[in-house]
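Using the working numbering, you'd call the opening residue of the sequence shown number 1 and step up by one each time.
Heads up, some of the hints might be wrong.
Calculated cross-link-like contacts (lysine to aspartate or glutamate; reagent style DMTMM-like; alpha-carbon spacing at most 20 Å) [what the hints assert, rightly or not]:
1) Lys69 / Glu36
2) Lys87 / Glu118
3) Lys87 / Asp14
4) Lys69 / Glu118
5) Lys51 / Glu110
6) Lys75 / Glu110
7) Lys156 / Asp46
8) Lys51 / Asp153
9) Lys75 / Glu157
10) Lys156 / Asp78
11) Lys69 / Asp14
12) Lys75 / Asp14
13) Lys87 / Glu110
Hints listed in this document are in silico derivations from the structure and should not be mistaken for laboratory results.
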Amino acid sequence: MILNIEEIPISGLDIKQTLDQDWLKDTLRDIRETGECRFSAPISFDLRVTKSSRNVFVHGNIATNLVMKCSRCLKDFDYPILIHNFKYTFCPAEDKRVVDDLELSGEDLEFSFYLGEEINIAQVILEQVTLAVPFKPLCHDLCRGLCYQCGTDLNKERCECSKENKFNIRFSKLRDLKVESIK
């Protein structure tokens with residue numbers, strides 16, 4: 001998805017496209033190889049590309065669907081990604097030395113530099129989708145997860161483990177720790 005900057009008309013360029021599964025095979029490869037997520041739908045996007053001088057502005061919407069594993073109960077669930085009205089700016093690399101001396105806010109960081117006469121729109125789409133993937137995915141906000149002792153799915157049934165043993169075994173060494181009171 002390479003765009004030649006000189007070919008972007010003054011009035012701007014509208015791009016509406018769907019990227020199929022072949023294009024997605026390398027996308028989010030690190031996450032997909034662990035089995036944590038996979039694409040269940042192509043990436044659809046609707047972009048508006050404009051330019052002012054040598055700066056290129058990309059605005060648009062992106063939609064796709066992932067199948068992810070819940071971080072609490074380990075069940076697969078559908079996770080729709082809907083990115084509305086994102087904004088991204090490409091600046092010529094020769095402007096980089098000016099930006100290095102500036103203090104930037106979070107909004108200002110949605111840009112990258114380009115060399116030559118071309119920009120890669122796929123880079124923007126991939127970055128936006130990657131940023132939308134949750135760090136700790138949950139099938140629903142109230143997911144109770146699995147019992148750490150017996151593995152029962154606490155969303156489906158009640159655990160029969162004793163209440164006394166509900167102490168997390170990862171912290172068992174801390175039980176024996178005696179702290180002297182501070183006076």
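Handout entry: Hints that the structure is at odds with (numbers, increasing)
Key = The structure conflicts with hints 4, 6, 7, 8, 11 and 12, although it agrees with all the remaining ones.
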